[in-house]
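The residues making up each chain are set out below.
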Amino acid sequence: MNLDHSAVLQEARVFNQTPIRPRQSRVLLAKILFLIYRGDNMSTNVATNLFFSITKLFQSKDMSLRQMVYLAIKELSTISEDVIMVTSSLMKDMQSKSEMTYRANAIRALCKIVDPSMLPGIERFIKAAMVEKSPSIASAALVSGLHLFGEAKDVVRRWGNEANEALNNKGLSQGPSFFGGAAGQSQVVSTSNIVQYHAIGLLYAIRQHDRMAVLKLVQTFSGQNKSSSWLGGSNATLRSSMAQVMLVRYAVRVMEGDPSLQGQLHALLEEWIRHRSDMVSLEAARAMCQLRDVTGKQLTSAVSALQVFLSSPRPTVRFAAIRTLSTLARTHAEAVQPCNVDMEGLITDANRSVATLAITTLLKTGNEASVDRLMKQMQGFMTEISDEFKTIVAEAVRSLCRKFPAKHSVFLAFLAGVLRDEGGFEFKRAAIEAIMDLAKHVPECKEAALAHLCEFIEDCEFSKLSVRVLHFLGEEGPHTARPTMYIRHIYNRVVLENAIVRAAAVSALAKFGASPSADPALQRSVRVLLRRCLDDREDEVRDRAAWALRITDDGDARDKYVRDDSTFALAVLERKLVEYCASPAASAARFNFEAVPRISRAQEEETRSRVRMETMDAVLTGSAVSTPAQHRLGARDTSEPSTPAAGGAAAAPVDVFEQQAQYASKLNAIPELAAFGAQPLVSSQKPAELTEAETEYVVRCIKHVYEGHIVFQFDITNTISEQVMEQVEVSMEPEEDVSDALQPVVVVPIPELRYDEPATAYVAYERTDPDTFPTATFACTMRFIVKECDPATGEPEEGDDGFEDEYSLEAADLGAGDFMQATYIPDSHTLWETLGQAGEAVETFALANFDSIEECVERVCELLGMCPLEGALKPTSKAAHQAVFTGKWMGATRTVARTRMTYQKGSGVTMELAVRSEDQGVSELVVSSIA
Amino acid sequence: MTNLSLYTANATVMLDSEGNRLIAKYYHRGQQQSQSYKTLKDQRKFEGELFSKTRKSSSEIIMYDGQTVLFKNVNDVYFYLIGNPEENELLLSSVLNGFVEGVSILLKHNIDKRSLLDNLDMVVLALDEAIDDGIALETDPNVIASNVSKRGTDTIDVSLSNLNEQTLIDAYNQAKERFNLALLR
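Chains A and B, in that order, give the protein sequences.
The numbering of the first sequence is my numbering, which starts it at 32 and goes up by one.
The numbering of the second sequence is my numbering, which starts it at -3 and goes up by one.
Calculated directly from the structure, the hints in this document are not laboratory data.
Treat the hints loosely; a few may be bogus.
Not close to chain A: a few residues of chain B, all C-beta gaps over 12 Å, as computed [to be verified]:
hint, residue
1, Y3
2, S55
3, I57
4, S100
5, K104
6, N106
7, L164
Pairs of lysine to any residue residues, derived as SDA-like cross-links and limited to a Cα-Cα distance of at most 25 Å, are as follows [as the list claims (entries may be wrong)]:
hint, chain 1, residue 1, chain 2, residue 2
8, B, K68, A, I67
9, A, K92, B, E173
10, B, K34, A, I67
For every residue, glycine included, the Cβ atom is placed at its ideal position computed from N, Cα and C.
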C-alpha cells in the first residue's frame, strides 16, 4: 500500500471548494484517517491546518460526510491544536431534534474534545441523551461519561440517576432512525442490549466507593430483592450478557470480604454458572475458582461447567476454560483432577496456547501413575509441533522430573529420544538442561544421563550447547565410578571441533586431572592428552592446556582454581565492573575484587533454581504463555553460565546483594548521607518491623553501618486513605547512655506521605570512637503533621493546617551482629586453622527459653548476622547440632564462628560458641552479641 | 486483578497477508492500561511478532506478550483484537466478531484487502462504531453496519443550469478517484 502522505495532504484542497463535494471529501477524509492509523507521523502544524479545513465541511448538510467529519475530528484532536473551536458546531448537532443528525456521533466527538471546565455547560444535554430511547444515543452518552470520569469525576458523579434510569430503561426498540439522510437506512434493532452494559459500567464507576449502593445493585439484578423488582414494572433483569458479566465481578468485589454474605455469594455464583450465556457462565465459574476461601466441594459445579467447555468446538471457549483450570490447579489441584481425561485430549489441540496450558495443568494435577501415559502421548506428537512449543514441553518435563524422581528412566528415555530429533537451539537447550537437572538431583540415573549427554555432543551443531555440556561433564564426570569413559568423549571434541568447543573441552579435561578422586594412572593419561593440546592452532586452547598442566602439578593452585567451591556474587560483580568501566578515574587503578562478596556454589545454585521455578510458575499460571520476555529470561538464566546471577537478580529483587545495591543508591541520593561513604559496609539483611501488623502505619527499620556512621532507615507506609502526613520524622532515644560512642548527626524527614505510597525517613549517628562498637536499644517515636484529604484524589483539603501528632513505635536494637557482613568465605575450615587460637573467644551459654535446636540456631544466626554454611540451619538431630558461620566484621575482618549445641527437654539448649577472627577484640564482640 | 472498568480493548489491528499494517488503533484511555506500545516502533515490532505467530494458525485466540489476543483471518486480511489479559475471552470474542461481521455486511460479504481499501471510509467508521477508545460500543453486527452511512453523491448541489458541465466534471472526478484507488493496491 503506497498511499503517499504528501499527495494526500495536497488533495486536502478539496475541502475548500464550493460547493462542497461530500463524496470526494469523505473518501479523502478516510484516506487521511488511514494515514493516521497506518502510523504516519503528522506534525501538529499540518494537523491543525487540516483540522481547520475540515471544519469548513460542517457547511455541508450531507450526513454521510458529517459522520466522517466527526471521526476525523476525534482522531485529529490528539494531534491538532485548538480543537475546542468546533465545540459549538458539535453542540448544535448534539441538541438537534432533526432526524438528519448523527446525534450519537456528535456526542462522542464532543466529549472527546471537550475541556473538563466546559463540561457543566453541556452536562444537561448529555444527561438527557443518557436516558434517550434510542440505544445508540444513550450508549454514546454513557460511554462518553465513562471517558470523562477520569478527568471530571465531580461532574460525572452527578449522573448516577440517569445511568440508573438507562440501566432500567425498557426502551428496547431502536427509536426512529436518526441515520436516514441521503443514504437512507432501515431501522435495526440491537440484539446485544449493550446499552445496559454501558449503563451498569458507568453506574458502578460512580458508586464504586458506596458499598451499600453496589450491594443493592447486585441484589436488584439477581432477583433477590423482590421489593425493587416491581418498581420497574417487571422483573429487573439484565438482558445484556456483557452487563451480566460485569455484575458478576461487582458481586464478587462487594460480597467477598463480608463473611455474612458468603452464602449468598456462593448461591448467586452457582446460579450464574448455569446461565444460558457461555460468557456469563464462564465469568461466574472463573469467579468461583478465584474466591479466596473456596472449598473443593463448592468448586464442583464450576469445574464441571468448565469441563463441558473443554470439549467446545470453539477454540476461544476451550482456551478460556483451560486457562481458568490451569490457574485453579495451582491452589486446588485435586479439584481439577476430574478433568484430567479431557485435558489429555487437548494436548494435541490445534491451538498451541490451549495445548500448552493443558500440559502444564496436567503436570500439576497428574499423579505418578499417569506420567507414563502422558509421556507416551507427548512422544507421539513431538515431531509434529513447532520448536517453540517443543521447548515448553521440555521445560514441563523438567519440572516433572523434580516432582516424580522415581520415574527418571521414563523421562530420560523421552528426553534422549527428543534430543535425537531435529530441533532448534532453544529446544535443545531446554532438553539438555532437563537431563542435567536429572543427573544432579537423581543420583541413580546420573551415569545414564551423562552417557546421553556424551552422545549428544558427538553430533551437536550448537557450539554453545557443546560448551555447556562439556562444562557439566567436567563438574560431574570426575566423581563417577568410571571417569575414563567421559574423557574419551571429551577428547574427541578436542580433535574434531571448533576452537570454542576445544577450549571448553580442555577445561573439562583439566577438571578430571585435578579432581581429588583422580588416581595417578588417570592423572597421567590426562596429562598426556593435555600436552597434545599444547600444539593447538588457537592460542586460547593452548593457554588453557598450559594452565591446566601447571595446576595439576601444583597443589595450592589446584585448590585455588579448580576445587574452589565459592563464586562471586555475579550480580554485584557485574554492577561493579560496569561502574569500573564507566568511571575513567577508577580504571586507572586495578579492579578491586575484594569488594565483591562471595557466595557458595550451593547458594548460587539455589538462587538459580528458585528463579527457574518462579519462571516456570509464571508459565504455568498462563499469564505468560509464549511471552518472549519470559523466554529470554529463561535462556539467560541457564544457557549462559557466565551471567546466571544477573538473570536471577532481574527476576528476584529479593536477592540480598541486589537489595543492598538498591539501598546504596537510595542512600546516595541524600547528600547528607552520601557523605558517609559510597556504600554502607554492612546493611541489615532483614528489615525489623517496628509496628504490629494491621495498624495505622507500617514502619520497618533497616540499619546501615558505614565506616564512621550508622544510619537507621525507616520505611513508612501510611495506611489511612483519608489523611496525608507531612514532615514525618522518627526521633530515637537511646535507653542507656551511649553518648560517649554515638552522637546523632542527621535526621532526614519525609516531606509528605500519602496513602499507600511508602517513603523513607533516616536518622544517622556518628560513631565517635572508631574502636568502640556500641550496642544499644533505642526507643522510637514517629512525629508528624496530619492533614485530612479526599481519598479519591489524595489532595489535602484546602485551609487545613493539620495538627501535630506522634505515634510510638517499638524499640530498635543495635547489636553487634549489625556490624557483621554475612559473607560466604570459601574453605572456612582452613581459615579456622590459620586464624588459630590467638584471635579466639569461647563462651558457653545456657539458653533455657528455646524449645528446639532449630529455633535456637535460627535466632543465633540472626544475632550473629553471619552467613550460615551448608546445613547450619538444618539440624539433622534433635538432641545435638553443630553449625558454622562466616562473615566479615565491618566488611573487612574475616570471622568464623562455630557453635555446638545440645538440647534437653526441661533445661533447654546449651550452646558453646567459639569465634575466631583476625582480631581478638572482634571475636569477643561477636561472642557478646549472644548474651 | 479483575477488571472492574469497561476498558477491555487495548488495540485493534488489521494486517494484510504479509503482515503489513492496514489499520491499527491503539487505545490509551483506560486508567489501568499498560504504557506499552506507545511508539510506532514498539507497535510494529509487536504486530510483526504477533503475525508470525498467528499466520498459520487456524485457532482464534493466543496469549501473546502478556495480552489476550483474539484474531480472525478472512481471505487476505487478519483482524486482531488485543485485550486486557484478565478479560473474559468470550466477551472479547463477541466484540471482535461483531466488528468483523459488521464490516463483512458493509462489504457485501466479500472481505479482502482490495475491497477493504476500496471502502476505507466504511471500514474506519465501522471500527469507530464497534469500539470507542477501548470500550466496546456495539457488538451486534447489524447495528454496526446500519450505523455506518453509505457514501453520498457529489451531485447533491447540482443545479439545473449547469447540469451538463457539472455531470461531466463529476464523471471525470469519479473516474479519477477510481483510478487513484486502483493505483494504491
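Status of the hints after comparison with the structure:
1. Y3: violated (8 Å)
2. S55: violated (3 Å)
3. I57: violated (5 Å)
4. S100: Per Cβ check, B:S100 is outside 12 Å of chain A; nearest 15 Å; holds.
5. K104: holds (15 Å)
6. N106: holds (18 Å)
7. L164: At about 14 Å from chain A, B:L164 clears the 12 Å cut-off, so the statement holds.
8. B:K68 - A:I67: holds (23 Å)
9. A:K92 - B:E173: holds (22 Å)
10. B:K34 - A:I67: Since the Cα atoms of B:K34 and A:I67 sit roughly 14 Å apart, the hinted pair holds (cutoff 25 Å).
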